[in-house]
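Peer 1: Sequence:
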Amino acid sequence: MRTVEIGDMPVGDGHPPRVMGVLNMSVESNYDPSVHGGVSEAVRHVEEEMVPEGADIIDIGLQSANPKNDWLPEEVERDRLAKALAVVDEVDADVAFSIETRYAGVAEEAIQGGFDLVNDVCGFADPEMPKVCEEYDVPVVKMASPPDIKKPGHLKTIDDIFEALERGGFTDKTIIDPAFGGWYDERTYEDNWEMFRRLREFRAFGRPILTATNREDFLGDLAGRPETEDQLPVSLAAATMEVERGAHIIRTHDVAATKDVVQVAHALGDERSIRDDEPRVVELRNVSERELERTLSLRENATGREPSSTLCFQVDGLDEATEAALRTWADRHSLALAIDPGADALLVGTAGELRDAVADGDADGGVDDRDRGPLAPILETVGSALDRRGSDD
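According to the UniProt record's numbering, the stretch in the sequence shown is residues 1 to 393, in order.
Worth double-checking, as some hints may not be accurate.
27 Å max Cα-Cα, derived DSS-like pairs, lysine-lysine [unchecked claim]:
#1 K68 x K156
#2 K83 x K156
#3 K150 x K131
#4 K131 x K68
#5 K83 x K150
#6 K68 x K151
#7 K150 x K68
#8 K151 x K131
#9 K83 x K68
Hints in this document: simulated from the structure, not taken from any laboratory.
Given these sequences and hints, build the entire structure.
Peer 2: Set out below in structure tokens:
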């Protein structure tokens, strides 16, 4: 899993999930408590409420992405950007700022004015967007969308969403957003429920994940809460599960409550590896067949496995020597290996295959001397997991 720096704040596995608070400067936005059209009002809200409540990122929207509202051209966003830039300039607080836009020209002006992150709700429908973000070395959220500047999130199935995220590629600092919500009439609650259940599959991209389900009707429907003002409890329940399933940024209108549940979910959830100067290895448990298939299909040097009989390990912090040694060792023992260059690797095998491979790696002559050092932490972690399983292959 790649780590993306937003300013000096790392986002990714091994780091606390970040809370993104919503500040809309678009008067047509549908959730009134998040609308702050005046500069002084917005500055006060950020300094006195959002930051003390625990917001790590302030996401400023210049037009509503809700399909119930009319699409607005770039010129309107540029006019509103002047006030957003004034907010960034006047806020005296340690917080990152994100600009929500669909236009590369607006993004560039925002970056020049001090914004730390671009939240592209049209997923690079403007082909200049990745170029701008790369030129300024600024991270960007790519929300799954068709290549249409007027139709953010206008997709239905999880396969459509994967295809949209792959289309146009990524920058080195891309964060992905699966685009939950009711973006058009054909997208049903059932579609969103299915995507939520399969959220872990998006980890196959090896990039931090942003989720935005706060006060969404597809959650309220499950509890019989159709009104937006009644949907905080269901939103908090969802945020907890999003962290458990691998989300790294939770976008919300309710900063204080969301911060609390995110901290608890992170503290009590599965271990995540942290990248440092040597390889760090963690066993990934309860990996579904579809999640494994997604990862193996998207990574380099990947081979198919029988998912029901496998163990999965994520290896972070790969340098060139470790990557080369890992490739050689995995190939020698017919282990599946899926590598995201410069980020991490997924190592997959049956218990029997892995047990033989670890024994070979520990034995004299089984692994070249130059490879044994880089592989040591991997062999140790895999061996410990096998010991916990006992003799059942």
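Peer 1: Run every hint past the structure and note whether it holds.
Peer 2: Checked hints:
1. Among the hinted pairs, K68 with K156 is consistent with the structure: their alpha-carbon atoms are about 17 Å apart, no more than 27 Å.
2. Among the hinted pairs, K83 with K156 is inconsistent with the structure: their alpha-carbon atoms are about 35 Å apart, more than 27 Å.
3. Between the alpha carbons of K150 and K131 the distance comes to roughly 20 Å, so the proposed pair stays at or under 27 Å and holds.
4. Distance check on the hinted pair: K131 and K68 sit about 30 Å apart at the alpha-carbon level, beyond 27 Å; violated.
5. Between K83 and K150 the CA atoms are separated by roughly 23 Å; this keeps the pair inside 27 Å, and the hint holds.
6. With a C-alpha separation of about 11 Å, the suggested pairing of K68 with K151 holds against the 27 Å cut-off.
7. Proposed proximity of K150 and K68 is supported: the alpha carbons are some 12 Å apart, at most 27 Å.
8. For the given pair, K151 sits about 21 Å from K131 by alpha-carbon distance, which is consistent with the 27 Å threshold.
9. The hinted pair formed by K83 and K68 meets the criterion: a straight-line CA distance of about 24 Å does not exceed 27 Å.
Going down the numbered hints, you'll see the structure goes against 2, 4, while the others check out.
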